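Engineer: Next come the chains, spelled out residue by residue.
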Amino acid sequence: MALPWRVARLVARRDESATARTLVLHVDDWPGHLPGQHVDLRLTAEDGYSAQRSYSIASAADGDSLELTVQLLPTGEVSPFLVNDYAIGDPIELRGPIGGWFVWAPTDPRPVLLVGGGSGVVPLMAMLRTHRDIASRAPLRLVYSVRSPGDVVYVDELKPTEEVDVTLLYTRAAPPEWPRPAGRVTPVDLGPSDPRVRVYVCGPTGFVEAASRQLVALGYDERQIRTERFGPSGSQG
Amino acid sequence: MAIVTPGFRGRRSAAAERLPPGQYLAEDFPVLSAGPTPQVPLDGWTFTITTEAGQPHSWSWAELLALPRETPTVDIHCVTKWSKLDTTWEGVSLDTLLADVETSADFALVHSYGAYSTNLPLEDLLDGKAWIAFRYDGEDLAPEHGGPARLLVPHLYFWKSAKWVRGIQLLHEDEPGFWETLGYHEYGDPWREQRYAGD
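Protein chains in written order, with this note's numbering: chain D, 1 to 237; chain Z, 1 to 199.
These are computed hints drawn from the structure, not numbers from a lab.
Computed from a predicted structure; not experimentally measured.
The beta carbon of each residue, even a glycine, is placed where N, CA and C say it ideally should be.
Among the clues, some could well be false.
[To be verified] Chain D regions said to be covered by chain Z (calculated; three or more residues, Cβ under 8 Å):
1. 50-62
2. 79-88
3. 95-105
4. 217-225
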């Protein structure tokens, strides 16, 4: 009944930005996961010291393969190791999948709005990728807020399609000629509202508070808004 | 026996003996909530303890503030792995609130403004272990941290310390709350690392 610790191995990695890297892990007998779920990692040093962290899963279900995107927090305990030093083939302990609330059911036909701030886009990407892999007909919109163009991750997968609409917001610096001036998320970015829409908001606390307050004021159904705070909780990541 | 991840050294904390297994020290106060932060006006605020016989005991905001207050300094531990040491709160002890409540219940189901709930044994609310807290670090409790008032049960993982607390239902039979029905542990003792069901 208890969720067991499994041994994962790093099989590949990809740079997503100057400070974010995707780790592709292989986990024997991975039971699969739903988009939005996370895993706990346990790293143990030679002397037995260990540290645990939670990371959202970035990939859609794909057999025994699992992708995490780790944002480097320069003064953190775990993320500098995962981003800079964790080597291909090396083991890491992992358990999951965890979480039954911040998940998108792939069979859900209702329209979906994904609102991500910074590295909060990671679990939303698992939803977008699942949506794409199963060719869901549910209308999906991603509103993704980043500081500046260099912070965008998954840049090659953010192209709009017939079912998927992508809005990028830059809070500090927008690319030249970008139609929207740089600035924090506003109701204009999140509207127009539709009470039928299931909404997932993930990002740092200030972003999630601001976005969810605006969504409620716009007329989205409060009970359809699911939130997850994500990313650095100080300097410890 | 844990598997060693080559090259990982980690950073031992000076406060290590005060950290339950798997926890790390946070300097700030992270926020975890499942939905939008509810806006709870004080003029309509009530806190109600309902006994297993259906007998309600209610306090308005003014009535709560008129009760004897305590100022606990406690360590808090979130299931998402951060811990925060020596946090200072102000609130009313559940011992005070339950003093005149006649009950033989063994369990409590805590309800929040919004749809949140969490369950715990009644004895975990007694004997100086739990408060209805409305001030944190010398200031009124901020809405994202559960203001105007939240339950504070620091000896259990912090999801048991329900934000925006609205009432406590006393029950003979244990009834799982929000996270407890979504795979999290029914009791949640951080020192026994009871994070998920079955831990």
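Engineer: Taking a Cβ-to-Cβ distance below 8 Å as contact, does the segment 95-105 of chain D have at least three residues touching chain Z?
Structural biologist: holds (count 5)
Engineer: Is the coverage entry for the segment 217-225 of chain D by chain Z consistent with the three-residue Cβ rule at 8 Å?
Structural biologist: holds (count 3)
Engineer: Examine the segment 50-62 of chain D: at least three residues should have C-beta closer than 8 Å to a C-beta of chain Z.
Structural biologist: Satisfied; 5 residues make the cut.
Engineer: Apply the coverage criterion to the segment 79-88 of chain D and chain Z: a residue qualifies when its Cβ sits closer than 8 Å to a Cβ of the chain, and three qualifying residues are needed.
Structural biologist: That given contact holds, which follows from 4 residues of the segment 79-88 of chain D lying within Cβ reach (below 8 Å) of chain Z.
When held up to the earlier numbered hints, the structure conflicts with none and fits them all.
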